[in-house]
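Build the full structure now, drawing on both the sequences and the hints.
Which chain is which? The protein sequence lines are A and B, in order. Okay, so the first sequence: first residue is 1 according to the numbering used here, each after it adds one. Okay, so the second sequence: first residue is 1001 according to the numbering used here, each after it adds one.
Just so you know, the hints here were simulated from the structure itself, not pulled from any lab data. Note that the Cβ used here is the ideal one computed from N, Cα and C, for glycine as well. Some clues are possibly wrong.
What the hints assert, rightly or not - So these bits of chain A aren't anywhere near chain B, every CB distance computed over 12 Å:
1) Leu22
2) Tyr54
3) Arg159
4) Ser200
5) Arg208
6) Phe219
7) Pro229
Unchecked claim - Here are the computed lysine to any residue pairs in the SDA-like style, where the Cα-Cα straight-line distance is at most 25 Å:
8) Lys1183(B) <-> Ile60(A)
9) Lys1182(B) <-> Ile90(A)
10) Lys1221(B) <-> Lys1406(B)
11) Lys7(A) <-> Gly239(A)
12) Lys1027(B) <-> Lys1228(B)
13) Lys1183(B) <-> Ser88(A)
14) Lys1148(B) <-> Ser70(A)
15) Lys1441(B) <-> Phe152(A)
16) Lys1393(B) <-> Asp32(A)
17) Lys1150(B) <-> Glu48(A)
18) Lys1441(B) <-> Ala45(A)
19) Lys1406(B) <-> Arg52(A)
20) Lys1121(B) <-> Asp32(A)
21) Lys1182(B) <-> Val62(A)
22) Lys1121(B) <-> Gly239(A)
23) Lys1257(B) <-> Ile1503(B)
24) Lys1183(B) <-> Gly239(A)
25) Lys1139(B) <-> Glu1151(B)
26) Lys1444(B) <-> Ser88(A)
27) Lys1466(B) <-> Thr43(A)
28) Lys1183(B) <-> Ala45(A)
29) Lys1221(B) <-> Phe1496(B)
30) Lys1393(B) <-> Ile90(A)
31) Lys1182(B) <-> Val61(A)
32) Lys1183(B) <-> Ser70(A)
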Amino acid sequence: MLVYALKRLGVAGLVALTVSFLSFSLIYVSGDPAFALAGETATEADIENIRRVYGFDRPIVVQYLDWLGSALTGDFGHSNYLNTDVASVIFDRLPVTMTLGACALAFALALAIPLGVLAAMRPNTLLDRFALTVAVIGQALPSFWFALIMIFWLGITWRLLPITGTASWLNFIMPSVALGYYITPAVMRLTRAGMMEVLSSDYIRTARAKGLKPVRVLFKHALRNAIIPVVALSAVQFGFMLGGSIVIETIFAINGLGFLAWESIQRGDLPMMQAIVLVLACFYIVLTFVADLLNAFLDPRIRVS
Amino acid sequence: MIRKLLTTTALAAFVAVAGVGQAMAGKADDTLVWSTDREVTVVDPYFNNTRELVIIGNTVWDGLLFRNLKTGDYEPLLAESYEWIDNTTLEFKLREGVTFHDGSTFDADDVVYTVNFVADKDHGVLTQANVDWMDHAEKVDQYTVRIKLKEPFPAALAYLAQAVFIMPEGHYDGAPETAEGKKNYGAVEPVGTGPYKVTNVVPGERIEMARNDDYFKASPKGMPAIGKLTFRTITEMNTQMAELLTGGIDWIWDVPKEQAEQLSEHPDVTVENAKTMRISYIAFDVNGTSGDEQFTDKKVREAVAHAINRQSIVDNLVGPASVVLNAACHPDQFGCTQDVPAWDYDPEKAKALLKEAGYENGFETDIYAYRQREYTEAVIGDLAAVGIKANLKFMQYRALRDLVWKGETPLHHMTWGSNSIPDASASTGHFFSGGRDDPAKDPKVTELLAEAGTITDPDKRKELYKEALSIISGELYWLPMFSYAKYYAFSSDLDFTPTPDEIPRFYTAKWN
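Right, here's the structure in full:
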């Protein structure tokens, strides 16, 4: 088990490095970073000087290896654009995105799991169709549009919630709902399918036959088994939300990691992009492990095997 | 165990973000909150060249001179008087009794330190054009200083009034070092002499400023009426507007025309359209380096010029403060005259010219652009009407400028803001002096501009610019399009007047 885990970790690390090198090269292909740093009105002399002073005149491989060497010692370098230490910026932004991702996931699970369970208990009824409609809308609705609609009603018209920033927990409600609603359908469908399969299995029939209370059968016996694939899915979705919250962060003026990634691409801030790619890649790896651990906790058979 | 872990993580995350305070906006809090879409972390006008830092630079720092927007004159600011000793030496008598935000007294040593620091290329000031005309500064006595220029540079006063801000002596000496051992000058705490002082910086999110109550009374900028100023980054225009409508922020700009018109119907919002120094132009591949040879023929260039309805773009897309341009500069710049060959909208004439040039059935080409896609799309529509099929290549600025430098664009539609410098040397002088931005490299134009950029006689300069601009427009190296206009939207509580150089003077704003 340990050897397997270490092997997977090694592969994941290589993937992260490959991704980081590819993104490094791609950013260069999209234009000269000295241009980005110099700004729109820069003259030829400005750009030449910036290239020299900031070291963009070195071969790209040398720049990459320099960066990699430092990164391995925990130093992600210096942001060309923000003119500050990359690591400190990323660790400033990370808690914001983590909070947003966690709240969105909590919202998605709180909505999707009960809906999925109810739909599975009463298949092909009005309730089931309602749950499926919620799911279809969630999938069809672009999150930016949903966000703007919420801003219009909840922010401007009724003035119930603050629109931008991260000042209090109230600020997180609209962005979390907008971000979380997007993953609700997948979780709901998986819960529904899992529950329907489990509810028709022999051991549930046995449990019922023993005369156990329906609630106990539903939560203790059925849901615990049906939820295992949902845990794995949620971990992946959480990773997706960390990287994919760019639009939501932009709309609600939340300065998190997603927004930082977008801005860094725009302005050709190579060290920042590198660090973000690496941090996000590492998050995916960690999340997969966490999902495995959670699954083992929920399903003793995994622990034994 | 896992439940506990999850709870702790969630709590920790909340605590981490709960520390971020949200300043209130508006008249009741005496806090003017303004917002743009750009993130600002480095609060130093030499190490951040965004428009936001040009604005904050003028708010937190003072230069030696001040440009009076009404008269166009350069008035003393940190200087009390100035004179040209010779073509390359400017002497300033400095104002006494001025203090920096940290309490230190301003004198000649600060000017000498600042000029000598920024003029040194190795310090990596981002916009070299703002400072590289200065060679060094010398102290004459405690309140007299001389700035030596590298060569005669008539736009010196414009740069001194707008882009050369005075820092206290030794300001950058204590700059922290980066991991690579380079000095991080942008990380130095901002200290100036200006009407507002920086009180708090939340990187990437907000910059808070408070009125400098010790600001010197004689300053032409005047003592600010509003107590606090906060800059916030909100990238999404819809969100900016939502915050403006709900009173979360007081001032935004760059609002698209249609949305500005909608906002203007709201009683709590004032909308204004004001001119800016940014100009729009189309440049032709006059030398055929892109592989498309059509534009080497002047008749084809004329056909393009006659085909585009610039007035319609101005009226329908840009806004009432925009004007059609005939010359390759902004009308507010010194030396810029619009009295040059002009090309009116005449699609029939365009068709006839194309026929004469041998393109009776039109031709296909590429047009490159990076900004306000809809303006370029309007151009494409006009060109299509006379038979020129122009395929839009829309890309990021830096990628496009690279292509332009390599001469790979048959037509490119771009813009230029001149760094808000009101002198034709910052536009015409930049684009037609034979460098990589010069599409034509016409030796006669280069010669005229070189002379205009280095002599100090204003009348002679005007003559030289007129001659150069006439050749540029006459030969159609460029088709000057229009000047940009910006829509500003702000709280009706705010008494604010936009200025044509895109540097909002928040220190002159008041509450109604």
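Results of checking the hints against the structure:
1. Leu22: The claim holds: Leu22(A) sits with its nearest Cβ about 18 Å from chain B, beyond 12 Å.
2. Tyr54: violated, 7 Å
3. Arg159: Non-interface label fails for Arg159(A): nearest chain B Cβ at 6 Å, not farther than 12 Å.
4. Ser200: holds, 29 Å
5. Arg208: holds, 28 Å
6. Phe219: Nearest chain B Cβ is 15 Å from Phe219(A), so the label holds.
7. Pro229: The claim stands: Pro229(A) keeps its Cβ more than 12 Å from every Cβ of chain B (closest is about 17 Å).
8. Lys1183(B) <-> Ile60(A): The hint holds at about 23 Å.
9. Lys1182(B) <-> Ile90(A): holds, 20 Å
10. Lys1221(B) <-> Lys1406(B): violated, 44 Å
11. Lys7(A) <-> Gly239(A): With Cα atoms ~21 Å apart, Lys7(A) and Gly239(A) stay inside 25 Å; holds.
12. Lys1027(B) <-> Lys1228(B): Measuring from Cα to Cα gives roughly 10 Å; hence the hint holds.
13. Lys1183(B) <-> Ser88(A): At roughly 17 Å apart (the allowed maximum being 25 Å), Ser88(A) and Lys1183(B) satisfy the hint.
14. Lys1148(B) <-> Ser70(A): violated, 43 Å
15. Lys1441(B) <-> Phe152(A): With a Cα-Cα distance of about 53 Å, the restraint between Lys1441(B) and Phe152(A) is violated, given a limit of 25 Å.
16. Lys1393(B) <-> Asp32(A): With Cα atoms ~18 Å apart, Lys1393(B) and Asp32(A) stay inside 25 Å; holds.
17. Lys1150(B) <-> Glu48(A): holds, 19 Å
18. Lys1441(B) <-> Ala45(A): holds, 18 Å
19. Lys1406(B) <-> Arg52(A): Answer holds: Lys1406(B) to Arg52(A) is near 20 Å, not above 25 Å.
20. Lys1121(B) <-> Asp32(A): holds, 20 Å
21. Lys1182(B) <-> Val62(A): holds, 18 Å
22. Lys1121(B) <-> Gly239(A): violated, 44 Å
23. Lys1257(B) <-> Ile1503(B): holds, 20 Å
24. Lys1183(B) <-> Gly239(A): The given pair, whose Cα atoms are some 36 Å apart, is violated under the 25 Å limit.
25. Lys1139(B) <-> Glu1151(B): With Cα atoms ~20 Å apart, Lys1139(B) and Glu1151(B) stay inside 25 Å; holds.
26. Lys1444(B) <-> Ser88(A): Distance ~53 Å between Lys1444(B) and Ser88(A) Cα, so the pair is violated.
27. Lys1466(B) <-> Thr43(A): holds, 23 Å
28. Lys1183(B) <-> Ala45(A): holds, 22 Å
29. Lys1221(B) <-> Phe1496(B): With Cα atoms ~14 Å apart, Lys1221(B) and Phe1496(B) stay inside 25 Å; holds.
30. Lys1393(B) <-> Ile90(A): Outside the cut-off at roughly 34 Å; violated.
31. Lys1182(B) <-> Val61(A): Given that 25 Å is the threshold and the Cα spacing comes to 21 Å, the pair holds.
32. Lys1183(B) <-> Ser70(A): Roughly 18 Å between the alpha carbons, so the hint for Lys1183(B) and Ser70(A) holds.
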